[in-house]
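**Q** Chains as they are written, first to last, in full-length UniProt numbering: chain R, 1 to 197; chain S, 1 to 158.
Dumping the calculated SDA-like pairs for lysine to any residue here, alpha-carbon to alpha-carbon at most 25 angstroms:
| # | chain 1 | residue 1 | chain 2 | residue 2 |
| --- | --- | --- | --- | --- |
| 1 | S | 123 | R | 106 |
| 2 | R | 143 | S | 80 |
| 3 | R | 112 | S | 58 |
| 4 | R | 115 | S | 131 |
| 5 | R | 111 | R | 81 |
| 6 | R | 115 | S | 124 |
Because the hints were derived from the structure by calculation, they are not lab data.
All values derive from a computational prediction rather than experimental measurement.
Here is how the chains run, residue by residue.
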Amino acid sequence: MKNTAIKLLIAFSTAIILASCNSGPEPLYDLSDTSYPLRNIDSSRVYFPDDFEGEISVISFIFTHCPDVCPAITANMSNIQRGLKDTTDIQFIEISFDPQRDTPSVLKAYKKRYKLNDQFTFLTGQPETVDSLLKKMEIVAVKTFSDSLVQDSSNYNMRHSNTIYLMDKNGRIRAEYPASVIPPEHVIEDIQSLRNL
Amino acid sequence: MRLPDPITFILLVSCVLFLGCSSESKSEKSTNEVILGKVELANGWARPAAKGQTSSIYLVITNGTASRDTLLGASSPISDVVELHQSIQHDDGTISMEQAGNQVIAAGEKLNLEPGGYHLMLKNINRELTVGDSLSVTLNFARVGSKTITVLTKTQQN
Numbered sequence: 001m002k003n004t005a006i007k008l009l010i011a012f013s014t015a016i017i018l019a020s021c022n023s024g025p026e027p028l029y030d031l032s033d034t035s036y037p038l039r040n041i042d043s044s045r046v047y048f049p050d051d052f053e054g055e056i057s058v059i060s061f062i063f064t065h066c067p068d069v070c071p072a073i074t075a076n077m078s079n080i081q082r083g084l085k086d087t088t089d090i091q092f093i094e095i096s097f098d099p100q101r102d103t104p105s106v107l108k109a110y111k112k113r114y115k116l117n118d119q120f121t122f123l124t125g126q127p128e129t130v131d132s133l134l135k136k137m138e139i140v141a142v143k144t145f146s147d148s149l150v151q152d153s154s155n156y157n158m159r160h161s162n163t164i165y166l167m168d169k170n171g172r173i174r175a176e177y178p179a180s181v182i183p184p185e186h187v188i189e190d191i192q193s194l195r196n197l
Numbered sequence: 001m002r003l004p005d006p007i008t009f010i011l012l013v014s015c016v017l018f019l020g021c022s023s024e025s026k027s028e029k030s031t032n033e034v035i036l037g038k039v040e041l042a043n044g045w046a047r048p049a050a051k052g053q054t055s056s057i058y059l060v061i062t063n064g065t066a067s068r069d070t071l072l073g074a075s076s077p078i079s080d081v082v083e084l085h086q087s088i089q090h091d092d093g094t095i096s097m098e099q100a101g102n103q104v105i106a107a108g109e110k111l112n113l114e115p116g117g118y119h120l121m122l123k124n125i126n127r128e129l130t131v132g133d134s135l136s137v138t139l140n141f142a143r144v145g146s147k148t149i150t151v152l153t154k155t156q157q158n
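Between the sequences and the hints, there should be enough to build the whole structure, so can you do that?
**A** As structure tokens, then:
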């Protein structure tokens, strides 16, 4: 009787461990229940995250008027791509948190300037849609003005989050990194773990 | 009028000379100053940017002179506004950028302008900068005056 109880306990524990291995850590954010209509660089409609289902996505947030940190984030995204031995079923997505200035054509020029291939998707959209998505993903982006008395509506900088997210094939955010400084190998290691789930 | 005695006179002259020397040392540059060593600009590069947008220049400034010097400002033919800025990370993890004031560089020390820190911001550039383009920038120092460097445009690799 005692042996049977111990065997049952071991079997139950093993089942729990296997179950947790299969699902991985708890998602930070689950985006699978909502779809956000955004615009690609050719102005075509993209539904985020639905259109990326079935792929692992590396996601960052930028604005193209950013002279220092955002290009560093883009460079790091590119470094992650270069560091992957196999980029099959991996998407690199950069979402602008400055839709007022980052139109599809502006993002297209930015992508070309940084010589990024088709595995990179740049997204913008209606300000209220982008704001809603940023809120859901807890990304901060606030306009700042060098002269508080002259708040030119088109001449501003931004205080913003410095974040890369790793999203699984089902639209769930699984990991978060400091975008401009994370060593690419850390993200690559987590991508491999997600692939093995 | 009564003249001071010789000892008082010598003391007064010494005070005047001493004050004169002190005020000169407060000013970082004098017209006939001999500067030993030099300030060097190295490892410069610029970020690509569209015409009308903002680019950044990064470089290392080495003060190889025997005295401290101060970076006062910069200029470039490609932009009417070149400012020293600094990216700052806040406690909540967000990043913002603000204009940095004059930067003192001690004798023998370096000032690194690098991504995520200090950088020269070139606003509203008058031509597009693509990878491989070159541009010049002139830095103005309090003691050694102007120093110019030509930098290449490239994308960040690490």
